[in-house]
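As given, the protein sequences belong to chains F and L, one line each in that order. Here the numbering used here is used: the first residue of the first sequence is 1, the next is one more, and so on. Here the numbering used here is used: the first residue of the second sequence is 1, the next is one more, and so on.
Bear in mind the hints are in silico, worked out from the structure with no lab data behind them. Treat the hints loosely; a few may be bogus.
Remember, identical chains collapse to one label, so a pair may be satisfied in a single copy or spanning two.
[Said to hold, decoys possible] Straight-line distance between alpha carbons at most 27 Å, and here's what the computed DSS-like set of lysine-lysine pairs gives:
1. Lys10 with Lys56
2. Lys41 with Lys56
3. Lys41 with Lys19
4. Lys41 with Lys65
5. Lys31 with Lys56
Only a predicted model underlies this, so the values are computations on that prediction, with no experimental measurement involved.
Number of protein chains: 2
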Amino acid sequence: MKAIVNVALKQGVLDDQGKATHHALDTLGFKEIVKDVRIGKQIILELNSSDEKSAKEEVVKMCQKLLANTVIEDYDIEIVG
Amino acid sequence: MKAIVNVALKQGVLDDQGKATHHALDTLGFKEIVKDVRIGKQIILELNSSDEKSAKEEVVKMCQKLLANTVIEDYDIEIVG
């Protein structure tokens, strides 16, 4: 079983990396089309578990203990396979 | 219109950050459940475009020019909204 965890900065938190990427895209000729860029992390966990519910509970614990800084980041968890 | 670009290291490329995270999860008591960890980037682009096909073409160009290092990374693009 696989868990895909997307971690992104909360709205309102300055996204330096996104801003820099936006600026770089502007200078590469994408100024007209790009309105905003935000950059987050995608964490793909391969799990030893057959129960989707308990797997999700474990992944929530991992997010709160390590994978996300919940002061400034939001996360969402998707269990697949 | 929004584009979500997931950029991940290709299979076979050493994922340092994933390895370190895996080790940290092991020490936090998730040794039994976690088999593997891979870490990638998720880039969320807000686009000025109404045509999904042309938007996707532009995002492919962005990936090849800037967002992904296609020597060692794979990307996938999802157009939403």
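Structure-based check of each hint:
1. For the homomeric pair Lys10 and Lys56, the shortest alpha-carbon distances inside one copy (22 Å) and between copies (26 Å) are both at most 27 Å.
2. In this assembly of identical chains, Lys41 and Lys56 lie within 27 Å of each other by CA distance both inside one copy and across copies; the values are 18 Å within and 21 Å between.
3. Both within a single protomer and between protomers do Lys41 and Lys19 lie at most 27 Å apart by alpha-carbon distance, with minima of 16 Å and 15 Å respectively.
4. Taking the closest pair of Cα atoms, Lys41 and Lys65 come within 27 Å of each other both inside a single copy (16 Å) and across two copies (20 Å).
5. In this assembly of identical chains, Lys31 and Lys56 lie within 27 Å of each other by CA distance solely across copies; the values are 16 Å between and 40 Å within a copy.
Taken one by one, the earlier hints all hold for this structure without exception.
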